Amino acid sequence: MIRLTRRRLIGSLGAGAGGLLLSGCDRIDASPTVQSLLGLGEKATFGAQRIVTDRAALAPEYGAADMSPTFRTNGNRDPGTPEYAAHVANGFADWRLAVDGLVASPLALSLAQIRGLPRRTQITRHDCVEGWSAIGQWTGLPLGMLLKQAGLRSSARYIVFHCADFFGSRPYYESIDLIDAFHPQTILAWAMNGQTLDVGHGAPLRLRVERQLGYKQAKYVMRVEAVASLAGIGGGKGGFWEDVSGYQWYAGI
Amino acid sequence: METDSTTPQGGDTVYRHRLPVRLWHWTNALAVFVMLMSGLMIFNAHPHLYWGQYGANYDHSWLDITPGHLRIGPLTIATPHLLGVPANGRIVAFPPWATIPSHYDLASARRWHFAFAWVLVVPGLLFLLWGLVRRHFWRDLAPARTELTPRHLWHDISDHARLRFPTGAAARRYNILQKLAYGAVIFVLLPGVVLTGLTMSPAIDAAWPWLLDLFGGRPSARSIHFLCAMGLAAFILIHLLMVVLAGPINEVRSMITGRYRLPKETSE
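Residue numbers (our numbering), protein chains in the order written: chain W, 1 to 253; chain A, 1001 to 1268.
Don't take every hint at face value.
As the list claims (entries may be wrong) - A partial selection of chain A residues facing chain W, derived with a Cβ cut-off under 8 Å:
no.	residue
1	A1045
2	H1046
3	Y1054
4	N1057
5	H1060
6	S1102
7	A1107
8	R1110
9	F1114
10	P1202
11	D1205
12	A1207
13	P1209
As the list claims (entries may be wrong) - If we take Cβ atoms under 10 Å as the criterion, some of the chain A residues that face chain W in the derived model are:
no.	residue
14	Q1053
15	A1056
16	D1059
17	P1074
18	A1115
19	L1198
20	M1200
21	A1203
Claimed, not checked - Okay, the calculated beta carbon distance ranges per label pair:
no.	chain 1	residue 1	chain 2	residue 2	range
22	W	G39	A	T1066	31 to 39 Å
23	A	W1210	W	G236	16 to 24 Å
24	W	I51	A	P1191	19 to 27 Å
Source of the hints: derived by calculation from the structure; they are not laboratory data.
Values in this document were obtained by computation on a predicted structure and should not be read as measured data.
The C-beta atom is built at its ideal place from N, Cα and C for all residues, glycine as well.
Isolated chain A, as found in the complex (with noise of 0.2 Å):
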């Protein structure tokens, strides 16, 4: 962020995201997006979770998805339309629209899932070696020990449940919140959906078996893999809300050329 001997006011354009950030957030969010629905298509095949070494149709499974209904352990919830749902002749855990490609094709879904997986860790991996470099997770995520009290954090919430963003010089900086569900993806579920992924492939717990004392076995590898995903796909969705409710334009244009406008201080 720059220094300037003024401190900018709200409607001050400022010099927001560097561009390893910006570069990072496209590339990612491309990985992801493919990753999720080629993901999705690939979890059709076998719409069920185990925990455990093994974990196959006689096995107790802790998730499924049957026409029509999610069940997750004891609940047994409804979903008509949305999860189990007839598609080109057969019955699909995840509906087509959510899926790469639409139709059931596990072989399709696979080569996208691995080509991507590059895409997502070799710019995650540079993004990561910079961040520690060049001191980005230190200066901008990691919480101030003020931020973390229960009464900052109360107080960010409900001012995000009433959606008052930070305007003015306060939003040169992330918010606390911002910063927990950034750290949460950046150093938590990234690594947890790339480490759970690895462990799925044979020939890589041949080599690193540790990976599977790690995570307890394949099957459980494969549920924390596959909530480290709906993690993903949750915080995508907040995301998305929060960038619409804070300004699309402002917000999208800061992450392309790095310039934000700081929303302007409303007098209460």
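Chain W on its own, in the form it takes in the complex (with noise of 0.2 Å):
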């Protein structure tokens, strides 16, 4: 029998941590069980921020000094198909943004008449996942006003961003909730720190939704769905880099 001594239990429990430290970390990582435990975390913080904070609180607007000098393009910064390519050529003169899914109404409007709708322009802060912020101005279409318009039905739950690019194969999309799609600096932007919006910033259309991280800044947005699930529309998980790389679907921290 072995007499378990306090000395020997507390020197075979370091053991045990130092092994556990030095090769299991990835395998606890890799489990489900874990995996599935530290998404009730993101929950909890998806839960909490939304218990604790102002759903209609305003993303921090900024004054014009306060911009970043060069606004850095990320992820695709031209989406290289031959349709987009055409589009770029006759100034998306032919280019119609799609309203459509749970809506009573589906719309399809030219730039023209995007921009001549009302408009929201806001200094605000960009700030990407990776951990670097860039300040600029955005000027583009409430989506609130859009959804209004085209008659969003009861049913619906979230909105999805159709993107003209991809990653491969794979379109790039995004999706919100509707506290998300009716806050008022929601917008759909057209133009950029005072410029039609250009190609490496996500022409002629681009999502900014303030209170979250820059993978949900959706850019070439083509079509606007209203949806009552986001099981089936790409991997399930409500966007690409959910879809693909296991990035939280709320991007609020």
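Need the complex rebuilt from these two chains, each delivered in its own frame; the hints are there to steer you.
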């Protein structure tokens, strides 16, 4: 019989912990149980943020003096498809934004029509999930206004943004809930820093959802779809990076 | 701490750490360990730090980790095999042994970080509440006026440097360096990481914009977050070293059972 002394117990606990640290961390990380536990933390974070913060709170807006001298591009810098190149060549004259899904009257709007609708201009901070921040000015159509015009059905729960760019064979897409969709700062931007939105930053239309991270700010938006569930769209997790890399769908943190 | 009619002496076992201290110590040890390692992985996604309201690649950074080098302001230090090392076909700022997960995976590191943030914050707040209500901070951590004299401080520092630790009845209470170190962790570094962490959340910034005013912008908050984390890492290193030097079995046991054997007085 092994006599388990306190000294030996502490010693073996220490050795066990050491072994755990060196070899076990990635095995722990790979375990589905652990991942679902960590997922609970994610849900708690989302829930807590929604509970303790004002759902209508505006993201900080900055002055012109605070703007980044250079606002870097990230992700896809040009969709590079023949269709998109043709749109660029004729100044998006034939381009139409589709608004469909769970709406009473689906829309197909030209860029000129969108620019003719009410606009909001805001100087806000763009926070990349990687850790950098850039401040720029955005002008565009409040999404809530567009959704009201299309007549959102009561069964709609999410708004999905389908984009013109691809990573490999997978098209980029993103989604937000209705709280963010109807937030006054959530706009479909067609201008940046006082200029027509350029290709690098998502021409002709880019989502700005100011209380979330950069990967939610879908560029090259072609279609806005109202849905009841995110299942069945892309990989079902609500966005390209969510599907492919496991990024959190709620990117408020 | 127990009040005995007789003063305990070296070799006596005394009740040194109350249950809330012990519980919090271990939940916090776990949380800080995971937070530090997953935080280093998150840092690896953009190994540059800035001051101000914005900060990205074209902007002026005050700290960069580049292949084999660490730059802090005008100072560049070669860090071969330590920082900016090749791992699985890419260069990472902090090496695999220091990060969770060990390979580059920002999404997974964020999941660990934000899950264990709860383990850091919830027990931390409970401990803070307990310490205030039960006057633990006043009784055991607040330095006495006489302890803060330069003479006393210097005496304690030189004793520590010569690895002479308090013995007998003097070892029942925290010495001034312990009080200052634990106080800095509980009242500066931990609140610092939590508040700067919240400041990096765009949703929290919308709700509580005063956080941005407090820290001078999100990139500044990220820099302070990193500095507080490095402060915690430095504390842990010294703390572990002190535990080993002061007698690891007795020290670890006291943090598990609460009971601590006072070191014997040595005759000089």
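message = Checking hints one by one. Is D1205 (chain A) an interface residue toward chain W, by the C-beta closer than 8 Å rule?
response = holds (6 Å)
Notebook entry, point to check: Should the hint that A1107 (chain A) touches chain W count as held when the rule is a Cβ pair under 8 Å?
Noted result: holds (4 Å)
query = Does the Cβ-Cβ separation between W1210 (chain A) and G236 (chain W) fall within 16 to 24 Å?
reply = violated (39 Å)
With a cut-off of 10 Å, does the beta carbon of L1198 (chain A) approach a beta carbon of chain W closely enough for the hint to hold? Cβ of L1198 (chain A) sits 8 Å from chain W, so the hint holds.
| message | For the restraint on A1203 (chain A), tell me whether the closest CB of chain W is nearer than 10 Å. | response | holds (3 Å)
Have a go at the A1045 (chain A) hint: is there a Cβ in chain W nearer than 8 Å to its own Cβ?
holds (4 Å)
Given a cut of 8 Å on the nearest C-beta pair, is the interface hint for N1057 (chain A) held or broken against chain W? Constraint on N1057 (chain A) satisfied, holds at 6 Å.
Interface hint outcome for H1060 (chain A) [beta carbon to chain W under 8 Å]: Result: violated, 10 Å to nearest chain W Cβ.
Discussion item. P1074 (chain A) was flagged as interface toward chain W. Is the shortest Cβ-Cβ separation under 10 Å?
Written reply: Because about 22 Å separates P1074 (chain A) from the closest Cβ in chain W, which is outside the 10 Å limit, the hint is violated.
_Residue hint P1202 (chain A), partner chain W, criterion CB-CB below 8 Å_ = holds (5 Å)
- Item | P1209 (chain A) as chain W interface residue, shortest Cβ-Cβ below 8 Å | holds (5 Å)
| query | Does the CB of H1046 (chain A) sit less than 8 Å away from some CB of chain W? | reply | Holds, because the Cβ-Cβ distance from H1046 (chain A) to chain W comes to roughly 4 Å (cut-off 8 Å).
Against the hints set out earlier in the document, violations occur for numbers 5, 17 and 23.
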